[in-house]
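**Q** Residues 783 to 1111 in my numbering are what the sequence shown lists, from first letter to last.
It is possible that part of the hints are untrue.
[Said to hold, decoys possible] Cβ-Cβ distance ranges computed for the label pairs, FRET-style:
#	residue 1	residue 2	range
1	Ser-818	Thr-983	42 to 50 Å
2	Asn-1083	Gly-875	36 to 44 Å
3	Asp-1042	Asp-1099	39 to 47 Å
4	Glu-1039	Asp-918	27 to 35 Å
5	Asp-1042	Ala-798	42 to 50 Å
The set of hints was computed from the structure by calculation and includes no laboratory data.
Nothing here was measured: the structure is a model prediction, and the numbers come from that model.
All C-beta atoms in this analysis are idealised placements derived from N, C-alpha and C, irrespective of residue type, glycine included.
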Amino acid sequence: MTDENQPTPAVGPSYANQPNWREIQDFLPQAYRLDSTSEPTEEWWSPSPWGHRIHLDTYRDPNAPVKVILFHGVGTNGRQMSTILGHPLAQRGYETIAIDMPTFGVTEVADGATVTYDDWVAIGSALVDAERARDDRPIILYGLSAGGMETYHVASINRGVAGIVGMTFLDQRNRKVRVATAADPVFTGFLGAGTLRAAATTPLRRMRLPMRLVSKMRALVNDPAAKKACYRDKTSAGNSATIAFLDSYLGYRPAVEPADFDTCPVLLTQPAADRWTPVELSEPVISAIRRVPVTVTRLENAGHYPVEQPGLDQLVDAVDAFARRCTAR
783 MTDENQPTPA VGPSYANQPN WREIQDFLPQ AYRLDSTSEP TEEWWSPSPW
833 GHRIHLDTYR DPNAPVKVIL FHGVGTNGRQ MSTILGHPLA QRGYETIAID
883 MPTFGVTEVA DGATVTYDDW VAIGSALVDA ERARDDRPII LYGLSAGGME
933 TYHVASINRG VAGIVGMTFL DQRNRKVRVA TAADPVFTGF LGAGTLRAAA
983 TTPLRRMRLP MRLVSKMRAL VNDPAAKKAC YRDKTSAGNS ATIAFLDSYL
1033 GYRPAVEPAD FDTCPVLLTQ PAADRWTPVE LSEPVISAIR RVPVTVTRLE
1083 NAGHYPVEQP GLDQLVDAVD AFARRCTAR
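Produce the complete structure using the sequences and hints provided.
**A** Next up, the structure:
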């Protein structure tokens, strides 16, 4: 592994200077709030060939037998993954790494780059490779919202994964899924994909659209005050995405279709009070996976981005138990 592919201590934009995540975590139970004694170490990672300076929240532990890599969705960022799962799992003896994918969180995007969802998948796979190059400990992937399907897409091209966990598994090629998760079922759901596909072949491909106007971001959290706090965060729910990214996300074709997926076991941690992506939207993917074990766990009282109990504790318990089963420890 080259030096540029080795994560280094953070130098540059930092969550220490980004106040929004602290405002958002105030809606979490006290046990899930980070302070100066429990915040993750911030690292930078510059994998070839992209040229981005990618931010990682890490709880490194050389004695941990398992690593868990956390993927955010299109309304969250890596620090929000650290609060709900990265730190709680670290307390249970796991090494965790939460990544800010390019254009989200505090990752620095390379000058002139137009980021696509294909890049997210390739970068996720490169991170698995980078962590496996450090040592041979098994790796579990976790993804919230769009990050759930990203874990599947990464595991479809990288067999160095011991298990994948998704808060959802959404195949946006499915019209029912696309319409149900869009901001407006008719315009952005039914008609939007074709419009984006056409615009993505023109100079308009770099135009940025607010995620709250193209996705059902209003259902990210169920607490109205928490939702306002999330919207104020321009690195997560208040972010925007290019037409090129949105088109690539909606039309992404996995290397392996669910019926042929055999990389590793799968866990769906479905929030029971999810107003954005109820379990039936993940069914087309999880019901088609037959070659590896698939488990579904309901998180009681939890919204799409869970800030509620007992769902949060159930999430940590479920990922912990799943990782133990996948790695036979």
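**Q** Each of the hints needs a verdict: does it hold here or not?
**A** Hints, one by one, checked against the model:
no.: 1; hint: Ser-818 / Thr-983: 42 to 50 Å; result: 49 Å, holds
no.: 2; hint: Asn-1083 / Gly-875: 36 to 44 Å; result: 27 Å, violated
no.: 3; hint: Asp-1042 / Asp-1099: 39 to 47 Å; result: 31 Å, violated
no.: 4; hint: Glu-1039 / Asp-918: 27 to 35 Å; result: 29 Å, holds
no.: 5; hint: Asp-1042 / Ala-798: 42 to 50 Å; result: 45 Å, holds
Of the hints listed earlier, those the structure fails to meet are numbers 2 and 3, in rising order.
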